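Asks: Here's the letter readout for the chains.
Protein chains: 2
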Amino acid sequence: MSDDDSIAKLPVAFDARNFRRALGSFATGVTIITTRAAEDIPLGLTVSSFNSVSLEPPLVLWSLANTSRSLEAFRQAKHWAVHVLATHQESLSGRFARAGEDKFAGLALDEGIGRVPLLPDCTARFQCRNAFQYEGGDHVIFVGEVLSYDFTETAPLVFHGGRYAHATRRDSPDHSPRGAEIAGSFSEDFLGYLLGRAHFRFYARIRPLLTQERLSDEEFFVLSALTLKHSVSDISLGQGLSGMLEKNAEEILEALAARGLVRVTIGSPTAYELTETGAACAVRVISAAKSVEHEVLGSLGPADSPALKSLLGRLLTVIDPDASALWQAPKQIQS
Amino acid sequence: MSDDDSIAKLPVAFDARNFRRALGSFATGVTIITTRAAEDIPLGLTVSSFNSVSLEPPLVLWSLANTSRSLEAFRQAKHWAVHVLATHQESLSGRFARAGEDKFAGLALDEGIGRVPLLPDCTARFQCRNAFQYEGGDHVIFVGEVLSYDFTETAPLVFHGGRYAHATRRDSPDHSPRGAEIAGSFSEDFLGYLLGRAHFRFYARIRPLLTQERLSDEEFFVLSALTLKHSVSDISLGQGLSGMLEKNAEEILEALAARGLVRVTIGSPTAYELTETGAACAVRVISAAKSVEHEVLGSLGPADSPALKSLLGRLLTVIDPDASALWQAPKQIQS
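Same order as they appear, the protein sequences are chains A and B. Numbers 2 to 336, taken from our numbering, label the letters of the first sequence in order. Numbers 2 to 336, taken from our numbering, label the letters of the second sequence in order.
Here chain A stands alone, though its shape is the one from the complex (with noise of 0.2 Å):
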């Protein structure tokens, strides 16, 4: 990076997208900052440029651009209320950064100090009397004395590099679980390790109801891979499960099939469906299994839930590419 030729240097004149890209490098909240006109009108807008300034007295600052149409309502504005937005209001962000719309129709406003219209459920609001206004090249900065404010624990919605992200609390580096790592040694922190124990772990939750059911956890997997499609073929499921599983697929399905659980229609390709008696299996198991992941999820929270299931489909993306004809496109087969 610190190559001379990779440097922008004044006089020449920064490329904005580019410059844009360089400080969408640092991550921000999301807020909604809003106020009411003088003409009665509420405003807001969808606001990254947010950050505190002081204690005492209690200060916060944003910026806002020299040409937006709200500038001077802004500026002639009384008072202004922040609202720092939760992991869930993505499109609440999309809404207020749009122009053109009404952005509160059908919104559950409170009404705040100055008759400045709240958003209901954000992580926190501060309500602000319009203090300073200072100088900032195209943009105005306001700073606001925070008068009131009000916030939960609840996670936030997250901007990095042009897209909304998720905040992952970081395992503080005291406590990952390294430890002496002996060559050949599994770590606590290898992935193939955790991923193991997870689903083996997942599993035992429902492992009374698959004893019942007779269905090892191979066979189980395979049942619910056909519950996603209506009919499946030999050649989308070689494709699909190839190598995935201990025991050939064929077998698990002709198993299956043994005991009433799937229909075999032999041609070319050769399609398996779930029988009604699988269907009613797989529901069966399924419920649990739904049951097991809504304790479990709730128990790891709102922010890490959907983190981790991006995660885990990513990883899908990356070790499994070639997934397609059993897992992504739908597709039906004469049975």
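Rather than coming from a laboratory, the hints here were simulated on the basis of the structure. Just so we're clear, the structure is a prediction, and the values are computed from it rather than from any experiment.
Which chain B residues face chain A? A few, computed with CB under 8 Å, are given here:
{"hint": "1", "residue": "27"}
{"hint": "2", "residue": "50"}
{"hint": "3", "residue": "139"}
{"hint": "4", "residue": "140"}
{"hint": "5", "residue": "152"}
{"hint": "6", "residue": "192"}
{"hint": "7", "residue": "245"}
{"hint": "8", "residue": "290"}
{"hint": "9", "residue": "294"}
{"hint": "10", "residue": "301"}
{"hint": "11", "residue": "309"}
{"hint": "12", "residue": "314"}
{"hint": "13", "residue": "321"}
Each residue gets a CB set at the ideal place from its N, CA and C atoms; glycine is no exception.
Starting from the known structure of chain A, arrange chain B on it as the hints suggest.
Replies: Leaving out everything else, chain B in the frame of chain A:
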């Protein structure tokens, strides 16, 4: 949140700690800001109050406490530089957040405009002219004109709620694999399904070797667990693996012992440990698994890999809270 009782109102003085917590709900990146003081002394501070202001002219800002010992130096400085920290720079952030040590010791510094010390390996760097200083209560707001910048596409360090965090890209709501979820079917977004597929698919990469070594997935899992401990008792094994595997843990260990991979010392408690042959076998498979891990995490990237491991680790504390005996506390048993 709209409950009046829960809202702090002026003239009630804010509780500083509570107000800080409210402000901390806004996630930010982490920067280090450096300058060179008049006496040629390099200065640097960890700052999260950074944000962008203007594109034309290119301006950024940050705030510094009136009580900071570096305030006068920054007030007088002609230039300063902002370093947006990458995910691997948590310890650097800690170093520059503390007073009193030689913060720059041992760092491979570049020299920037105005001889400002520049830190290496950051996500982005902005070299600035000290353009304006504005009053901000108990802080001074520094606005800098960016004269030069450079950046790389590395994952950022994030600060939220008083802790460091990972930023994990969200799935676009349009891309999340929901589809029409039928009652009793697995959706592709289901955790149990994602874990199963990820685990089976990970193991698929080493299955040829497992087959060659005549190890089932569960046998390999138990074998690899044994590499974590010198020796393990039947009691802690029973607690650690209870209900986790399809086969009984003792049965698996007997099978491994019959092939000379595990030594059983009957007693009270009975102890299991790897034989030399068992250790060598584990080394072969684990080495292969590690190279799969290396490849997979390389594709997943430097931000998502530690986030995924953190989250799986946290999932395990939820789903496997009683695992301490086998997995956590190192316990040596004389054999």
